[in-house]
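Engineer: Each chain, written out:
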Amino acid sequence: MKLALSAFFFIASVLMQEQAGKHFNFRNTAVFSKDFSEVARYGDFWLVLFGHRRIAADIVFIQTLQYYGSIHKEEISAGAKAEPGEGFGTGLVRYDKLFSYALRSVRLDRNFEYAVTFTAAALAWVQKRENEAIALLTDAIDYWEAQKLDTPVFYQSSLYLSAIAVTKEKGIAEATEYMEKVITYPDCPDMVKNILGEIYFRAKDYKNAVRVLEMNLDSRDPNYREKAQKKIEQIHHLLISGG
Amino acid sequence: MKAVYNVAKYTLLENARSKSFSLSVVFIALVFVSAFIFARLSEVVEIRAIQDIGMGAVQFFSFLTALFFAVKVAFVEGRNKTIYLPLTRPVKRSEYIFGRYLGIILSSALEIAAMGMLLTLLLYLKQADFDSFYFLSYFFIFLKIAMITAVTILISLASTSQASAFIFSFLVWITGHSLGEVEFLLDEMSPAMVTMVRIFKWIFPNYTLLNLADYTAGRFMAAAGYLPAVLYAAFYVLAVMWLASAVFEKKEF
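Just so you know, the sequences run in chain order V and X. In terms of my numbering, the first sequence opens at residue 1 and continues consecutively. In terms of my numbering, the second sequence opens at residue 1 and continues consecutively.
Heads up, some of the hints might be wrong.
[Claimed, not checked] Here are the computed distance ranges between Cβ atoms for each label pair:
(1) V:Arg94 - X:Leu125: 32 to 42 Å
(2) V:Ala146 - X:Arg198: 20 to 30 Å
(3) V:Phe8 - X:Phe133: 50 to 60 Å
(4) X:Asp131 - V:Lys128: 35 to 45 Å
(5) X:Leu136 - V:Pro186: 19 to 29 Å
(6) X:Val194 - V:Pro186: 39 to 49 Å
(7) V:Trp46 - X:Leu136: 22 to 32 Å
[Claimed, not checked] Far from chain V, by Cβ distances over 12 Å, these chain X residues were calculated:
(8) Gln59
(9) Phe68
(10) Leu110
(11) Ala233
Because the hints were derived from the structure by calculation, they are not lab data. Think of the CB as a built atom: it goes at the ideal place given N, C-alpha and C, for glycine as much as any other residue.
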């Protein structure tokens, strides 16, 4: 009797499993796929096999931020002289591994759009490597489009792709239309607001520069707070002196 | 039914007094330390990292405690002869094993709820947005724990040592998470291998269907898939527990 009941529920569980499997509409990159194995490290596999993909992706993204936030002497651009604190955001350090770090993070967790947009912005607008940024965004967007989602939900990446494609073809000053849309998202990186503010400043569009830079006055990153504060003060001085 | 309830109640009280719950203290420490560590990151990354590490810890610690309690039921109690006392009373063996199982999963439910509330409070203080998928993730963690608890009880009844019961249960946990990862290879496999993978998917708990915590953005499964996934877990537990009950019936202590 007990074995018969066990067999009955086992068959029921198999049927339900098949039924639930039909409704999957979003899957992450499979661990044993070529896409995953070409970027992943040993530790990533273990975390995924224990059911902690998102943690693995978070760890890689935090490593990306650490990598991008420090100077690597072996990656300093030829002829450039970097002092401590100068590396991040100045373009002096090449950050050669930035693309592969981001690819690893997003292939671990395909829902991690922030990792894609942040790194694409850094690659395109700070490191001036638009091709890598486009490759990263295309990898993410192509993957999402191949899923069975009813409605596309990754709008930001498409906006970044448009903005970066325009930057590549016509220069960064022409990309402001798309960047304006990008900064309306609450999770837009402070780096992008800082870059857009700088573009307006260079174009002497001080009103828009102040509007955008003010968004960074309450940034968690003291560097961006300080940069925004200084730039706004500079604009005030320029306006007072008639510059 | 009354006997099942009494055994479950006794198990719940026994587990509540157990030192295994002190693992939750490690959870509290881990979550609060992560909150401090990630405070310098942007809000998006900070909230995401706290939520992921917190939820991962909820899952891992509840898995460990469930494993410990489940192994204890069949193995430790048999070794210490404490199992004789309830079995000399008018309690059927099947009632005993189902009662024990129910007690363990109720303990796990309480543990998950307690850790979940703490994590939710911390995220609320960090001004995180919550959606239904966030809360549903805890329920799916519970389903995963319910499945592994049943499997561990079955393994413990059949194994010869506590260590082997732990090791096999860990392997089942890993296999359960790997099944979905193997699926994409089916096109490249021989028909015999495809059949073998399918049978493995039926025998082992398929956690790919229940790992909502890894897809908290909700991009995972269409709404119509949730009920079959829950029923799958429930039927799987019943199948394993009736089998465990049959094994327990024949076991000599």
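Engineer: Each of the hints needs a verdict: does it hold here or not?
Structural biologist: Hints, one by one, checked against the model:
For the pair Arg94 of chain V and Leu125 of chain X, the beta carbons lie near 40 Å from each other, so the given range of 32 to 42 Å is met. Between Ala146 of chain V and Arg198 of chain X the CB atoms are about 24 Å apart, so this pair conforms to the stated range of 20 to 30 Å. At about 32 Å, the CB distance of Phe8 of chain V to Phe133 of chain X disagrees with the hint of 50 to 60 Å. A hinted range of 35 to 45 Å holds for the C-beta pair Asp131 of chain X and Lys128 of chain V, which are about 38 Å apart.
The hinted window of 19 to 29 Å between Leu136 of chain X and Pro186 of chain V holds, with their beta carbons roughly 24 Å apart. For Val194 of chain X and Pro186 of chain V, the Cβ-Cβ distance of about 46 Å falls inside the hinted range of 39 to 49 Å, so the restraint holds. Hint check: Trp46 of chain V to Leu136 of chain X, Cβ distance near 26 Å, so the stated range 22 to 32 Å holds. For Gln59 of chain X, the shortest C-beta to C-beta distance to chain V comes to about 7 Å, within the 12 Å cut-off, and the non-interface label is violated.
For Phe68 of chain X, the non-interface assignment is confirmed: its Cβ lies about 17 Å from the closest Cβ of chain V, beyond the 12 Å cut-off. Remark: the non-interface label on Leu110 of chain X is consistent with the geometry, its nearest Cβ contact in chain V lying 21 Å away (cut-off 12 Å). For Ala233 of chain X, the condition that its CB be more than 12 Å from all CB atoms of chain V is violated, with the nearest at approximately 8 Å.
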